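Taking full-length UniProt numbering, the leading residue of the sequence shown gets 1, the next gets one more, and so forth.
In short, the hints are calculated from the structure, not lab data. This structure is a prediction, so every number in the text was calculated from the model and none was measured. Among the hints, erroneous ones may be present.
Stated by the list, open to error - Simulated restraints, written as ranges between beta carbons of each label pair: (1) E36 to S87: 46 to 54 Å; (2) D17 to D77: 18 to 26 Å; (3) F41 to R99: 27 to 35 Å; (4) F41 to R90: 30 to 38 Å; (5) F41 to Q89: 28 to 36 Å.
By construction, the Cβ of each residue, glycine as well, lies at the ideal position given by its N, Cα and C atoms.
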Amino acid sequence: MPKYSDGLDRMFHALGDASRRAMVERLARGPASVSELARPFDMALPSVVQHLGVLEAAGIVVSTKVGRVRTYQLATDALTPAAEWISRQRLPAERRLDRLGAFLDTPTDKETT
Numbered sequence: 001m002p003k004y005s006d007g008l009d010r011m012f013h014a015l016g017d018a019s020r021r022a023m024v025e026r027l028a029r030g031p032a033s034v035s036e037l038a039r040p041f042d043m044a045l046p047s048v049v050q051h052l053g054v055l056e057a058a059g060i061v062v063s064t065k066v067g068r069v070r071t072y073q074l075a076t077d078a079l080t081p082a083a084e085w086i087s088r089q090r091l092p093a094e095r096r097l098d099r100l101g102a103f104l105d106t107p108t109d110k111e112t113t
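Turn these sequences into a full structure, and let the hints steer you where they fit.
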């Protein structure tokens with residue numbers, strides 16, 4: 001089995017949870033406080049903070065604290081490594097599908113008579 005970089009593994013692990021993906025989607029619209037991010041979820045604030053910690057450890061979000069308010073935002077180009085990896089996997093699959101399409105479009109001897 002190929003070995004992937006720890007960063008990419010952490011990123012996919014972090015994105016493997018629906019709550020964390022929803023937080024990333026919210027942060028794509030702009031920075032938000034922890035309480036803002038917690039609002040749509042039926043979970044305790046410490047659980048939300050734990051999810052945000054996983055996202056931060058993966059390099060997907062960054063946080064700043066002003067007074068008692070911690071604000072999160074997406075890290076610049078945070079999802080680029082995942083997007084590049086997905087793109088590299090997609091190209092060979094598309095080529096195989098193109099070859100299959102060309103094969104299926106090729107007339108057989110029975111069709112030409």
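Hints the structure fails to honour: The structure conflicts with hints 1 and 3, although it agrees with all the remaining ones.
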